[in-house]
Structures are given as C-alpha cells and as structure tokens.
Amino acid sequence: MADILEISEVSKTYDLDGENPVQALDRVTLDVAEGEFVSVIGPSGCGKSTLFNIVGGLIAQYEGSVRIDGRAVDGAHRDVGVVFQEESTFPWRTTLDNVAFPLEVQGMGKPERDERARKFVSLVGLEGFENHYPAQLSGGMKQRTAVARTLAYEPRIMLLDEPFGALDEQTRMLLGDKMLEIWAALNQTMLLITHNITEAVQLSDRVVVMSFRPGKIKEVISIDLPRPRSSEVISTPKFGEYVGRLWTLLREEASRGMVEAEAELAAR
Amino acid sequence: MAQAGVMAAAPAAGADREATVFRIRALTVVCLLAAWEGLAALGSLEILYGDVIPSSWKIAVAIWGEITAADFYRDLGITFAEHIVGFVVGSAIALALGISMGLNPLLRKAIEPYLNAIGSTPKIIFLPILFLIFGTGIDSKMAKGALSAFFPVVFSTALGMILINPVLLRVGKSFNLNRWHTVTKIYIPAMVNPVITGLRLGMAITVIGVLVAELKFADGGLGYRLGNYYEQFRIAEMYAIILIIFALAAVANMGMTRLQVYANRHQGGSGAHSLSVATN
Ligand SMILES: Nc1ncnc2c1ncn2[C@@H]1O[C@H](COP(=O)(O)OP(=O)(O)OP(=O)(O)O)[C@@H](O)[C@H]1O
Ligand SMILES: [Mg+2]
Chain X
1 MADILEISEV SKTYDLDGEN PVQALDRVTL DVAEGEFVSV IGPSGCGKST
51 LFNIVGGLIA QYEGSVRIDG RAVDGAHRDV GVVFQEESTF PWRTTLDNVA
101 FPLEVQGMGK PERDERARKF VSLVGLEGFE NHYPAQLSGG MKQRTAVART
151 LAYEPRIMLL DEPFGALDEQ TRMLLGDKML EIWAALNQTM LLITHNITEA
201 VQLSDRVVVM SFRPGKIKEV ISIDLPRPRS SEVISTPKFG EYVGRLWTLL
251 REEASRGMVE AEAELAAR
Chain V
1 MAQAGVMAAA PAAGADREAT VFRIRALTVV CLLAAWEGLA ALGSLEILYG
51 DVIPSSWKIA VAIWGEITAA DFYRDLGITF AEHIVGFVVG SAIALALGIS
101 MGLNPLLRKA IEPYLNAIGS TPKIIFLPIL FLIFGTGIDS KMAKGALSAF
151 FPVVFSTALG MILINPVLLR VGKSFNLNRW HTVTKIYIPA MVNPVITGLR
201 LGMAITVIGV LVAELKFADG GLGYRLGNYY EQFRIAEMYA IILIIFALAA
251 VANMGMTRLQ VYANRHQGGS GAHSLSVATN
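Those sequence lines, one after another, are chains X and V.
Under our numbering, read the first sequence as residues 1 to 268, first letter to last.
Under our numbering, read the second sequence as residues 1 to 280, first letter to last.
The shape of chain X in the complex, shown without the other chains:
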C-alpha cells in the first residue's frame, strides 16, 4: 500500500505576544498508508489537535512538510476532511441539511445531494432523525451528524479529533463499532485522536503515542489483532496486552504532564 499522507519533521510553536512561546509540536514524522486506521493518543495539551489542524490546512504557519500523494499541502485541502473536537453541527440546519452541507456548497442540486446525504445519515445510524435540528439531538447524535457530514465530503483522509470524547463509555464503544463498519465499508483512511486506550486498540492498525510538551512521537505501536473487529475483541488476552503496554507508556507522560501543570500553577 502506498503512503497517502507523509508528515515529516513538523514543528509548531505558538507565539501569541512574543512573550511566552509554547512549542506544541517537535519534529513529528509519520506516514500513513491508504486505507489505514491510525489513532493518536497522548496527554492533554500535547499537540494532537495542532497536528490535525496542520494536516487539515487550518494552520498555515509551521515548520517541516506535509504531503498528500506526494504533493505539499498549503491551505485547506480537498482530500482532507475534519471532524472537530467541539460540537460543530450547524444549529440552523436539520440533520439532513447538515450532512448535505459540503455537497450544497459544491453546487450539487437538491434532489441529488439529499439522496447522497441520506446514505451517510443511515451509515452513522441516524435514520428517522433526518428532519431533526441539532437542539433536538443528543450529544452523541450530534457528533455522528458531524461525522456523516465529513463523510459526505468524501475526503480521501478523514481526521477525527476526539469526536466521541464527551460521551459515556458504552456509547463510545458502540460508536467505535460503527466507525469500524464505516471504515471497512468505505475503505476510508482515518486518523483518530483519542484519550481512550481501549478505543485506540479496538479501532486501529497503528497507535501513535505522543509525549507531553513539546509534543513528540514517543512510540508507534502496530496492533496485530484480526479484522473484522468489534467491541468483543476487548475480552481477548492479546487485547489486554496492548492496553497494558499503552498504559505504561502513557502513564509516564500523563504524570509528567501533571507535574508540569502543577509547577506552572505554582509559578503564577
């Protein structure tokens, strides 16, 4: 499989007033193959969203290079779709109109785009809610709407920034199954940010572990579990091994993060 995405030596420093520069990313290098599912996991504030914003073309200034199919990325890219960490559906649009949004701005006619959108609405399991407004949906349903909207854009690479972060464990696990179904059905290249080790192992071909500030790649772990998977793999011993390994790696980072955060607070 050819690499669709090549991230090499990407660094990013936020410098708001030239006073307190924050280095969010430090020489991050990662290649992603077409059709691969890669999770990125790391402590809060380690630069995960920053990395996605760079790949998605939403941050223009950074060092290093990002290439898609060998072409350098500058600005928002047609081949990349993003599902954001925050709630991002348009409150004035129904589920169907939200999902049809990227098609609408591409100039597709209403009957055609509605038909296409319906397909993606049912893919994320929201049949029957086509005419609901976001205010009438639960948090999980809103995030699924956002996922369907990005799917409708049909990007070659889909970046999911903790779309289910705010949801309870059970819902998240079921949505994980859903994402696997979609991933398999569409052969979609997906990058997922998560804080959840179980989710990362359940879904991914590879898990990227990032370290706390400056955000670096600490380790990349390949998950050799048979596919198709569902949330049932969670009870297998091999699954437990992966979770244990990731937890050890992350615990160091998380505690370092906590110590530094406390020191920062104390310094104020």
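Take the hints with a grain of salt, since some may be wrong.
[Said to hold, decoys possible] Going by beta-carbon spacing under 7 Å, a handful of chain X positions derived as facing chain V:
#1 58
#2 61
#3 72
#4 82
#5 86
#6 92
#7 102
#8 105
#9 107
#10 133
#11 247
[What the hints assert, rightly or not] Distance condition first, Cα-Cα at most 30 Å in a straight line; then the derived DSBU-like pairs of lysine-lysine:
#12 V:109 with V:173
#13 V:109 with V:185
#14 V:173 with X:110
#15 V:173 with X:178
#16 X:119 with V:58
#17 V:185 with X:110
No wet-lab data here; the hints were simulated from the structure.
Using N, Cα and C, we set each Cβ at its ideal position, and we do this for glycine too.
Given the structure of chain X, go ahead and fit chain V with the ligands onto it with the hints provided.
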C-alpha cells in the same frame, strides 16, 4: 402619566398554567380600571385635582373621536413615515457598520470607544443639533429616529459577529468554502438571531426617539398632537393618544417577537424572550 405595560411571552407549559396566567392578566386589568375609576371619582368630587384623571368612559369617547378624525390620520401618517424612514436608514447603516466591525478587528478596535461613549449618552442631547441641521419639520424626526435605531442595531450586530461560534468557521474552512459561501452559509444564518434582537430593540427605541422629537418641536405627528392636547388641557384626548401609541407599540413589538420566535424555531423550542425596553 402613562404606565407602560410589559409584554411577556409565556412558554407553553400546560394549559393549566396558561389559564392561570390569563386569569392574572385579566384581574390586573380589572384592578387597574377600578383604581382608575376610583381616582377619577375623587377628582370629580374635587377631592383630588379635578380633570387630571378623567373617567375611562370619557377616554373611550376621546379615543373614538380620534380614530374618526381625519387629521388624526394625517398625524399618524407623519409619525409612521418618520419612524419607518428613521428606522430603515439607521439600522441599515448600523448593520453595514456592525458587519464590517465583525469582519475587521482593526476597525472595531478603532471605533468601539466612540460608539460606546455616544451609545451610553442619552440621545436627546443631540436634539438641538438635529433641529439646527434638519429644521423643525419631518426631516429632523427622521434623523432622530435613525440615531435612535442605530445604536442597538450596531451593538447587537457587532457582538453577534464576534460571538459567532469559531468552530463553525473552522468547519467552513475545512470544507474549502470560498468567501461568498462563508458569508451566506455561515455568517448570515448565524447572525439572524442577534440581528433580529437588535432590530426589535431598535424599532422600539426609534418610536421613543421620534415621539420625543415631535413633542419638542413639530408641526405634525402623534407626539405633536399629544403636546397640543396637553397645552390645551384636553386631558381625555391626551390619554386617548397615549393609549393609541401604547397599542401601536405593543402590536409592533408583538410582530417582532413572532418574527424572532420564527427565526429561532430550530433552537429547541426556547423561542425569543421578550424584554422590556428601558430607554433614555
Ligand atoms: N491557538 C493557540 N494559541 C496559543 N497556544 C495554543 C493554541 N492552540 C493550542 N495551543 C497550545 O498548544 C498546546 C497543544 O494544544 P493542542 O490543542 O494541540 O493539544 P491537544 O493535544 O489537542 O489537547 P487536548 O487533548 O486537551 O485536546 C497546548 O499547550 C495549548 O495551550
Ligand atoms: Mg485537542
């Protein structure tokens, strides 16, 4: 003295509550009328100032007299025209400026202090200047109306632009939206609610601005009519005009509230909350 009522749109929460609310409202009207009649009776017995409070029957007759008089409609037309022109001109300028301020942080930073300073001053102090510039006719009332409408609309528009959810803009960016689509598909729908709120407030304040100007110096309009009756000590007619203005303002406000509820129909049923308008 006129007592302005406060309109309240009760959220539908059971027919029971609705009925109770209605009963309280009806009772309020009855009590007010009874108190009014009591005071009127004291007046005619020479215990209170006579004629300051005419009986409600006299006022009803005066209202009838007004709405059947031809020159009443001339004055109504004048006030209406002043209000509409002032409101449209003032809010159009305010919308344009508010949107520019939202899109251009530099502009906002530059002019915000001035807007804040003038916005928090009672606009009535500019009245003499407007009379000097535009004369005492219909033009100065329109100018006052525009001045009154301008501030609530510019503030709510600029604020709406600033408070727009940044994630929605990032969504647009990630879908490669051009500038036109960013404005028409994200900014405009997101701005509907703050803009209507501003327009509603602006509309109410314009009425006040126009009437105040008419009371001061005019040769026509409802405010002018009101001032005349006052000077001639035709108290019942004076009250009639006050009540007519009150009714017209209430109807206009109700219309705007409807519009807002309609614009907000997707916000999970929590429609517009009515606010009472405090002004200078
Ligand atoms: N726009 C910005 N301006 C300045 N600093 C920023 C900005 N965005 C992020 N940062 C800083 O960069 C670092 C990385 O932020 P980022 O949002 O990428 O973290 P994250 O890994 O996504 O965290 P979380 O898991 O909590 O979402 C943080 O220290 C943050 O304070
Ligand atoms: Mg983040």
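Verification of the hints:
no., hint, result
1, 58, "6 Å, holds"
2, 61, "15 Å, violated"
3, 72, "17 Å, violated"
4, 82, "4 Å, holds"
5, 86, "5 Å, holds"
6, 92, "5 Å, holds"
7, 102, "5 Å, holds"
8, 105, "5 Å, holds"
9, 107, "10 Å, violated"
10, 133, "4 Å, holds"
11, 247, "31 Å, violated"
12, V:109 with V:173, "25 Å, holds"
13, V:109 with V:185, "26 Å, holds"
14, V:173 with X:110, "22 Å, holds"
15, V:173 with X:178, "27 Å, holds"
16, X:119 with V:58, "70 Å, violated"
17, V:185 with X:110, "15 Å, holds"
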